[in-house]
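Q: Sequence:
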Amino acid sequence: MEPASARRRGPSGGVLLPLAALSALSALAAGASCCYQAKDNLMCHDVCEQILSSKSESRLKHLLQRAPEYCPESMVEVWSCMNSSLPGVLRKSDGWVGLGCCELAIVLECRQACKQASSKNDISKVCRKEYENALFSCINRNEMGSVCCSYAGRHTNCREYCQAIFRTDSSPGPSQIKAVENYCASISPQLIHCVHNYTQSYPMRNPSDSLYCCDRAEDFACQNACKRILMSMKTELEIVDGLIEGCKTMPLPQDPLWQCFLESSRSVHPGVTVHPPPSTGLDGAKLHCCSKANTSTCRELCTKLYSTSWGNTQSWQEFDRFCEYNQVEVSMLTCLADVREPCQLGCRNLTFCTNFNNRPTELFRSCNAQSDQGAMNDMKLWEKGSIKMPFINIPVLDIKKCQPEMWKAIACSLQIKPCQSKSRGSIICKSDCVEILKKCGDQNKFPEDHTAESICELLSPADDLENCIPLDTYLRPSSLGSVVEDVTHPCNPNPCSANQLCEVNRKGCQPGELCLPYFCVQGCKLGEASDFIVRQGTLIQVPSSAGDVGCYKICTCGSSGLLENCLEMHCVDLQKSCIVGGKRKSHGSSFKIDCNVCSCFAGNLLCSSRLCLNEHSSEDDRRTFTGLPCNCADQFVPVCGQNGRTYPSACVARCVGLQDHQFEFGSCVSKDPCTPNPCQKAQRCIPKPQVCLTTFEKFGCSQYECVPRQLSCDQTRDPVCDTDNVEHNNLCTLYQRGKNLSYRGPCQPFCKAVEPVCGHNGETYSSVCAAYSERVAVDYPGPCQAVGVLSDPSAFPECAAVRCPPLSAPGCKPVVAPGACCPLCAGMLRVLFDREKLDTIAKVTNKKPITVLEILQKVRLHISVPQCDVFGYLSIESEIVVLVIPVDLSPKALQIEACNKEAEKIESLINSDSPTLASHVPLSALTISQVQVSKSLPSSGPGARHGLALPLALLFLRP
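Under mature numbering (1 follows the signal peptide of the UniProt record, and there is no 0), the residues of the sequence shown are numbered -31 to -1, 1 to 928, in order.
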């Protein structure tokens, strides 16, 4: 009896043919009927028969070159038919259809065989199907796509839409299917039928994939009922009946909840918008990496592979040979690795690589069951006496007897891929490589002129612990034991479906509400064949699909799951360098000028504006040095700039470039932007404090917004607290009742008594909650009274009168944020940004200012540990300060370490211009970052149990 997994059923319940059989039958049917369609053109009919009966490859190529003289391109059906009947290697101009799948191979030997193969049979000889499910699933999908899309003939739009169906590993969306019908129905009914066979056989969506729709319900009770129903019921009929009963509404298409649920279901609905052909290339994220190539050869090969086609077998082999293991191309290769497998904290549940488990504060690229299995398979291959690398085969002794634990650590490292937080590299250290090859390499059989040292020079040229993985770490189990529960990783492994993004749930749960520690939000892929997903509704930067270096466009991730409304940006010259002190600095390089950190961006020199003392400074300079910008006097007489930032004095405001008419005395929070009322009679003025990073003369930086005076407010829950400590469902409700806003977020009992606090930005807030709602962490209790240290804390007495709160963790070696007085346990980033780039982004998008809060909210999405949260501000030295702070009241050593690692990870992504961050507008304007982390001494042994402190972020903060 045929196994159930081998049967695929169509819409009427009939068994669908396996892919290989479908491919063969399609070719036979096409071959039999092609020439008959040319019966009215005898010359074409004759050439057609010669082509289809030819046994000689050279003869066939000759006939194909001459055929257009006899069969005009207007004879679409004949060409489409012949095209689908030819051998694959002659039919396709973009190479074998499995090429784009090779990166999914787990075993290195299999990956190499895939890139050198010309058919699936070549792969099957090396790759085992039971271990390489993802690879063979991708190949099968592409094979069917090759058959189906060949019916498009020379109709480019139809072919592009058809290929987009098969290049994604998630269920094709309604808009994609509708697009194929619109563009291909008149061209080829066979294509439509073929695509229909595939989409109907695709596995049904998991109902929980539609959980995001529940947030669109206006009624809070309906939201909860919706989540409960989608997580517990399986069939569409059960879900629809449950929603009708739970929400007390009929499925009307104008209702936001029903509209979302129906659009996300499998069926194609009338009125689905057809979008233009994909404009990001095959993979916009990987295309971004191509600009990082150091050689023109690798840049061109990379662009060919990820722009508009998969290239061909030769391109993949050349990329593998010249680029994939070339140390000169480490920037491009690390970038590609970030796209394929981003570094994530935590590793657990491995059964073979068990020494990698229970490591919640270490970064790994590929901690999953497939890689665990891949490491075991590698070991079995190596036991045969040879390690096959792309450019060298290494003969080894019996690894079951010679250092087996070391070989296991190597196999697991190559598969699980530990990342160093700064370099994000996954290469074992050279000293480990030399040691193992000297002990266990079969040196008598080494390739000519090679020694253990020379082989390791090729494999692991680095021995710097910031750039390589020391195997000693993984020769023994983790010592942490049960303490790992202090740090959790809700999105690792990813619990969401292929077209969704996993985000940490920082909202917490309402009483009685069913919720998870993460959200699965709908997203868009950066290209038909990309696995890189971005959040729906966000602005995304992608390279020009032509692959021109320095050319980008900004698109919106639309509700259809595709990038829409793309706007071209001006190309920047990434070959343009900066001249500093008579020396040339290339684009993207970072360096120091005295105590200032600098970066060269397309010929523009960007530097921090710290005041420096050096060995050439005179005694007078040292005696009068204040550490403040322009050596301003140590006075705290705050002024409010038009950019919304409070500066400690007029001198400092002038030093950062503000004219006297562009600031006024008093802090920004003390100003009432709605007095006098700037809004029209039918509108209400609502204070909206913000610190703008764009040029305020061009885009403004208003501290208020005008909203209509609504008779009724919607029921969207976005809680706010008024000055009487009464909570309201949203801002509209608060103002409708004539109340004044104290802070955003739920009311907190400890903020009932209004006790002012000083934020790290030098701004006095009415309460801790008011500061936290603006993503500003608290420096000390009471109003701001001093500008804090900017260099050596011991050198200046500015903060002598300030009483700092005790450290959250007594054993912590703290950091002090620039301009602040008090130390804290946190990871701190000082980030330079390109204001000109932000202005360009604002100009081509919504012409609204870009704020510090926007930057912090975007960075926050990249912090994967819920025990850490993001705060920050614009410093008086014009840097964005980002603080990654433990949210527990008394954080454990492990939690402080996790926040440090998260800060180091973000720093590395910024400094390398990784698409992980750079694809997100406005994070693409962050140019260089410096990290400083606090250290903590373990407060108790590995087996100790700790009570769970109440997370501050869940108390105070809106999402």
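Source of the hints: derived by calculation from the structure; they are not laboratory data. It cannot be assumed that every hint is accurate.
The calculated PhoX-like cross-link candidates involving lysine-lysine, where the alpha carbons are at most 25 Å apart (straight line), are [as the list claims (entries may be wrong)]: (1) LYS667 with LYS817; (2) LYS552 with LYS522; (3) LYS369 with LYS391; (4) LYS407 with LYS391; (5) LYS812 with LYS657; (6) LYS273 with LYS522; (7) LYS522 with LYS827; (8) LYS522 with LYS708; (9) LYS782 with LYS667; (10) LYS407 with LYS357; (11) LYS708 with LYS640; (12) LYS657 with LYS522; (13) LYS827 with LYS812; (14) LYS369 with LYS408; (15) LYS357 with LYS408; (16) LYS522 with LYS357.
Quick caveat: nothing in here was measured; it's all calculated off a predicted structure.
Q: Can you list which hints this structure breaks, lowest number first?
A: Violated hints (numbers, rising): 2, 3, 4, 8, 9, 12 and 16; every other hint is consistent with the structure.
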